[in-house]
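Make the full structure from the sequences, and use the hints.
Residue numbers (this note's numbering): 4 to 203.
These aren't lab readings, by the way, just hints derived from the structure by calculation. Don't be surprised by glycine CBs; every beta carbon is placed ideally from N, CA and C. No false leads were slipped in.
Estimated spans, in silico, between C-beta atoms of each pair: (1) Arg-35 x Asp-74: 12 to 22 Å; (2) Glu-79 x Arg-119: 17 to 27 Å; (3) Gln-93 x Asp-180: 15 to 25 Å.
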Amino acid sequence: MTQANHLLLRVEKIVAGYGVKEVLHGVSLQVRPREIVAVIGPNGAGKSTVLKTVMGYLKPRSGEILFDNRDITGREPHELVWLSISFVSQGRVIFPDMTVQEHLDMGAWTLPAPKRADAYEKVYKLFPRLAERKGQKASTMSGGERQMLSLARALVIEPRLLILDEPSLGLSPKFVDQVFEKIVEINQLGVSVLMVEQNA
Numbered sequence: 004m005t006q007a008n009h010l011l012l013r014v015e016k017i018v019a020g021y022g023v024k025e026v027l028h029g030v031s032l033q034v035r036p037r038e039i040v041a042v043i044g045p046n047g048a049g050k051s052t053v054l055k056t057v058m059g060y061l062k063p064r065s066g067e068i069l070f071d072n073r074d075i076t077g078r079e080p081h082e083l084v085w086l087s088i089s090f091v092s093q094g095r096v097i098f099p100d101m102t103v104q105e106h107l108d109m110g111a112w113t114l115p116a117p118k119r120a121d122a123y124e125k126v127y128k129l130f131p132r133l134a135e136r137k138g139q140k141a142s143t144m145s146g147g148e149r150q151m152l153s154l155a156r157a158l159v160i161e162p163r164l165l166i167l168d169e170p171s172l173g174l175s176p177k178f179v180d181q182v183f184e185k186i187v188e189i190n191q192l193g194v195s196v197l198m199v200e201q202n203a
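Right under this line is the structure:
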């Protein structure tokens, strides 16, 4: 099977929701290696629910989720990290009193200690602005810089699939452009990307 035909992620007819409310009614999507897939739709359409279901934060009522032909339906989020799947949630979840380096240390928890220095070097090469601010606390950074930090933390484990929930939310136009340029650069390094956005 060629890489073009191989599916890294396959979501088949997922039904999911919250309590009695059904939000996803048989959603299917596919992500191939080295591909960027964007799910676009208005607020409340269920975009984030798709990602939460893929990541195991929400258990599907029916349907199937396969990663590299392995059934991951309903698996716990921490298990997916071990499979080289990283998730950046909506709203730039960072820890204000932690430094840039401490965030990367936290992101590297699945890596053996001998591999961490090399992983940090690669991430800092991709995000040179963060490299200049290793000891800076996240609370002193702008919204765009915090989003870059969220991306950097997710990339430390060198994921095969990066899942992003509205990465441009709340950013100025300048930082929106920078974030999307960085996502393309990440993809060009061989990382598949699945993201949701309100606007194309």
